[in-house]
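Required output: the full structure, derived from the provided sequences and hints.
For reference, the chains in residue letters:
2 protein chains.
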Amino acid sequence: MENLKASEAQRVIFATVGRLGVETVGLEASLGRVLAEDILANRDLPPFDVSAMDGFALRAADSIGAPVTLAVTEDINAGDLPQRAVNSGQCARIMTGAPMPPGADGVIKVEDTDEPVPGSVELKVAIAVGNFVRPRGESMHLGDRVLDAGTTITPGVVGVLATVKATRFAVYRRPRVAILSTGDELEGLNDPVDPNKIPDSNTYALMAQLQALGIEPVILGIARDDQVELESYLQRGLQFDVLLVSGGSSAGVRDYVRSSIEKLGVDIKFWRVATRPGHPLAFGVTDTTVFFGLPGYPVSSMVCMEQFVIPALRRMMGEQHPYRRTLNARLASAFATNPGRTEFVRVQLTQQNGEFVARPTGSQSSVVLLSMAKADGFMVVPAACPGLAAGDQVTVQLFDSAAWQDHMGFEE
Amino acid sequence: MENLKASEAQRVIFATVGRLGVETVGLEASLGRVLAEDILANRDLPPFDVSAMDGFALRAADSIGAPVTLAVTEDINAGDLPQRAVNSGQCARIMTGAPMPPGADGVIKVEDTDEPVPGSVELKVAIAVGNFVRPRGESMHLGDRVLDAGTTITPGVVGVLATVKATRFAVYRRPRVAILSTGDELEGLNDPVDPNKIPDSNTYALMAQLQALGIEPVILGIARDDQVELESYLQRGLQFDVLLVSGGSSAGVRDYVRSSIEKLGVDIKFWRVATRPGHPLAFGVTDTTVFFGLPGYPVSSMVCMEQFVIPALRRMMGEQHPYRRTLNARLASAFATNPGRTEFVRVQLTQQNGEFVARPTGSQSSVVLLSMAKADGFMVVPAACPGLAAGDQVTVQLFDSAAWQDHMGFEE
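Each protein sequence line maps, in turn, to chains A and B. When we follow the numbering used here, the leftmost residue of the first sequence carries the number 1, and every step to the right adds one. When we follow the numbering used here, the leftmost residue of the second sequence carries the number 1, and every step to the right adds one.
Possibly wrong hints are sitting among the right ones.
Unchecked claim - With a cut-off of at most 30 Å between alpha-carbon atoms, the simulated DSS-like pairs for lysine-lysine come out as follows:
| # | chain 1 | residue 1 | chain 2 | residue 2 |
| --- | --- | --- | --- | --- |
| 1 | B | K109 | A | K197 |
| 2 | A | K5 | B | K109 |
| 3 | B | K109 | A | K269 |
| 4 | A | K374 | A | K197 |
| 5 | A | K5 | A | K263 |
| 6 | B | K269 | A | K109 |
| 7 | A | K165 | B | K124 |
| 8 | B | K124 | B | K109 |
| 9 | B | K374 | B | K124 |
| 10 | B | K374 | A | K165 |
| 11 | A | K124 | A | K109 |
| 12 | B | K124 | A | K109 |
| 13 | B | K165 | A | K197 |
| 14 | A | K5 | A | K197 |
| 15 | B | K5 | B | K269 |
| 16 | B | K165 | A | K109 |
| 17 | B | K263 | B | K5 |
| 18 | A | K374 | B | K165 |
| 19 | A | K374 | A | K5 |
| 20 | B | K197 | B | K374 |
What the hints assert, rightly or not - What follows is a list of derived Cβ distance ranges for each label pair:
| # | chain 1 | residue 1 | chain 2 | residue 2 | range |
| --- | --- | --- | --- | --- | --- |
| 21 | A | A390 | B | H141 | 30 to 36 Å |
| 22 | B | H321 | A | V22 | 35 to 41 Å |
| 23 | B | H321 | A | A61 | 53 to 59 Å |
| 24 | A | Q235 | B | D38 | 39 to 45 Å |
| 25 | B | T350 | A | V22 | 40 to 46 Å |
| 26 | B | D226 | A | E115 | 22 to 28 Å |
| 27 | B | D226 | A | T288 | 42 to 48 Å |
| 28 | A | S363 | B | T350 | 41 to 47 Å |
| 29 | A | T350 | B | Q393 | 34 to 40 Å |
| 30 | B | G26 | A | G265 | 31 to 37 Å |
| 31 | A | Q352 | B | R19 | 28 to 34 Å |
| 32 | B | R84 | A | R272 | 29 to 35 Å |
To be clear, the hints were calculated from the coordinates, so they are not data collected in a lab. By construction, the Cβ of each residue, glycine as well, lies at the ideal position given by its N, Cα and C atoms.
Next comes the structure, spelled out in structure tokens:
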């Protein structure tokens, strides 16, 4: 299959790539993972009726006809157990979160009382039964399923896990990923500068894209344009769950990669996608490894990673939401399109009159990584789009790491 | 100062909290950090004029009147150096990224040629001077400032750093943060279940919020409602860059924290903010430590962390964009407000007809952390808002970790 649309390529990938296995992690190391088991409540919470305010626990009927004065039986702090029942004409001083004493059925907040003499309190208003009482089990009941398998562990989820004291639990495994660059023209990061070579940036941009997913990849290095050397690298890479090979931008290397990877048992599903940048994207599998052949141009490599590899990796890790969030924006200035392939244009986003405004970040050349570094997301131009005018509504796919802004962004 | 608006509280915080110092990191460990130095290009890139396509390098003048046939002098691959000049009537087979041979001033792509006999090539079309040639220095020139100090290191920035072979560089230091919970009613994560206690979830939710910023906090534990014990914990906490104390929800503990923290030399700038949840938020400083007193209720604690602590931490780490991204959405159903304080309502976002739709996630009680776990962001309700109807436009502040969706979200 050649020149697949992005969605077709994703369909082929998702039909092939499934969730990895399960492992156990501790709560402290669980952020960003996906639960592989349901999590149940281990008790009622709150464990008893508690006060929702600092004030006085009483029988609500006693407050009818306020102002009235009640005798204070005891002080109950959060963490205390009440020592006495509250009878008619009595109340207990109670702190937020403290258990209600027997007999009391409501709480009056301290601001609605006066204490003219020690040991007694004057209620300035009447209260209803249940006032400022949080009933036992309001947050959760013993045995409730509080989190479903498949839930992504965000800070809020960590809070819930701590609440039910889930200290260790099952999550989907993260893939082990290897990165290989190819090409005689490439210079390694730690090699001295050779004016005739091109620095290998892809390895590190891909590394960082993986790190942003919580995956620490293994960097295999640079395979030269030599079939024996390349095959030895590929063999090592096929021991991982995922092998990313970037480059092979020259026809010679491309042929080496293709013939070598098929010789090593990879079932190639497609070699090209109809996107710009990102034309030469290969995808294949063995029984144990998923292979992606990424373009050699720096921006193309990062775009293919975003559009195809990251959704696949997220699926492998059990994520239910593989795609980046998209939003609508107005285009700041006219943009000449090049119909025929879905185009991913690097843009910066600002806000104006409650709308997002998308502005392309300079040169869209596939080699100009600077424009990628400056972008907040990709403006996605449909393949059939004949051209875009200033003010046109466009779809922008956000990058996660740029989801911050310099203004608070809301009215108080 | 009491009951500050969120923006006033942030102004006080930002007037007090500055960038931390600088440290050196390696490229592999730099994702998410902020550059503390400008980064310059270490060479011209590309280092020479190169071909942008697989094809033939020639004198463009020779293509006039195509079809014409030229003799092939040599094959130039990426990483090779040309061995011969191209004279009139000649061309060199050239691969993408390979250096242009002397004499050639344009490239014709292989698809626009035929090779009827070995050693010669027929051009099917004429080309212009510069066709498919990427001039030396197109991406960057030696000495260009390619990245400014203050740039957040995203995957694209890692790619640029690798391109200029910046293997180690200066970034702003991350704060060392300690977390302390307080209250007799709290049960530690590893304690056995006591039906009379409340599990301490705040420590772990805050931990995860910090981990999401790349900060691995130190967990001090739970201080009981005892002034001596509390002061010993606070003293330890004041050895960190930032001390977060959660709880003290009962009046007794609140008083202990306040008197102890001031006794230990913390200059308290404010004790309350006019937000809901999050009323009792304290902020103060010593010469070396920033102190935040967070509410004890789980959701209130996370909201204050999002609105006040995280922007401060990001500022300390050198970030220029301290705030979460906001966007406009339509409210799915009427929402009764409680005017007087800015309210942060947990919502899920969906998309409908190109607009975001915000739907509150069940109970907005400050103790119901589940609704936080399910949310994509906060709907921010202005303090003066008398109420919201279905379809009203509202501002939603996104959480980062939820910036994913289950559909591709764009048209091809």
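Right, here's what the structure says about each hint:
1. B:K109 <-> A:K197: holds (23 Å)
2. A:K5 <-> B:K109: holds (24 Å)
3. B:K109 <-> A:K269: The hint holds at about 27 Å.
4. A:K374 <-> A:K197: Distance of about 25 Å is within 30 Å: holds.
5. A:K5 <-> A:K263: holds (27 Å)
6. B:K269 <-> A:K109: Between B:K269 and A:K109 the Cα gap is close to 27 Å, so the pair holds against 30 Å.
7. A:K165 <-> B:K124: violated (73 Å)
8. B:K124 <-> B:K109: holds (10 Å)
9. B:K374 <-> B:K124: violated (61 Å)
10. B:K374 <-> A:K165: holds (19 Å)
11. A:K124 <-> A:K109: holds (10 Å)
12. B:K124 <-> A:K109: violated (89 Å)
13. B:K165 <-> A:K197: holds (13 Å)
14. A:K5 <-> A:K197: violated (34 Å)
15. B:K5 <-> B:K269: holds (14 Å)
16. B:K165 <-> A:K109: Violated: B:K165 and A:K109 sit about 64 Å apart, past 30 Å.
17. B:K263 <-> B:K5: At roughly 27 Å apart (the allowed maximum being 30 Å), B:K5 and B:K263 satisfy the hint.
18. A:K374 <-> B:K165: Since the Cα atoms of A:K374 and B:K165 sit roughly 19 Å apart, the hinted pair holds (cutoff 30 Å).
19. A:K374 <-> A:K5: The given pair, whose Cα atoms are some 27 Å apart, holds under the 30 Å limit.
20. B:K197 <-> B:K374: holds (25 Å)
21. A:A390 <-> B:H141: 30 to 36 Å: Distance hint for A:A390, B:H141 holds at roughly 31 Å.
22. B:H321 <-> A:V22: 35 to 41 Å: holds (37 Å)
23. B:H321 <-> A:A61: 53 to 59 Å: holds (56 Å)
24. A:Q235 <-> B:D38: 39 to 45 Å: holds (42 Å)
25. B:T350 <-> A:V22: 40 to 46 Å: Violated, at about 30 Å.
26. B:D226 <-> A:E115: 22 to 28 Å: Once the Cβ atoms are compared, 26 Å apart, the range 22 to 28 Å for A:E115 and B:D226 holds.
27. B:D226 <-> A:T288: 42 to 48 Å: violated (57 Å)
28. A:S363 <-> B:T350: 41 to 47 Å: The hinted range 41 to 47 Å is violated for A:S363 and B:T350, with Cβ atoms some 36 Å apart.
29. A:T350 <-> B:Q393: 34 to 40 Å: violated (19 Å)
30. B:G26 <-> A:G265: 31 to 37 Å: Because 36 Å falls inside the window, the suggested range holds.
31. A:Q352 <-> B:R19: 28 to 34 Å: Roughly 30 Å apart at Cβ, these two residues keep to the hinted range, so it holds.
32. B:R84 <-> A:R272: 29 to 35 Å: At roughly 34 Å between Cβ atoms, A:R272 and B:R84 fall inside 29 to 35 Å, so the hint holds.
Taken one by one, the earlier hints fail for this structure at numbers 7, 9, 12, 14, 16, 25, 27, 28, 29, listed in ascending order.
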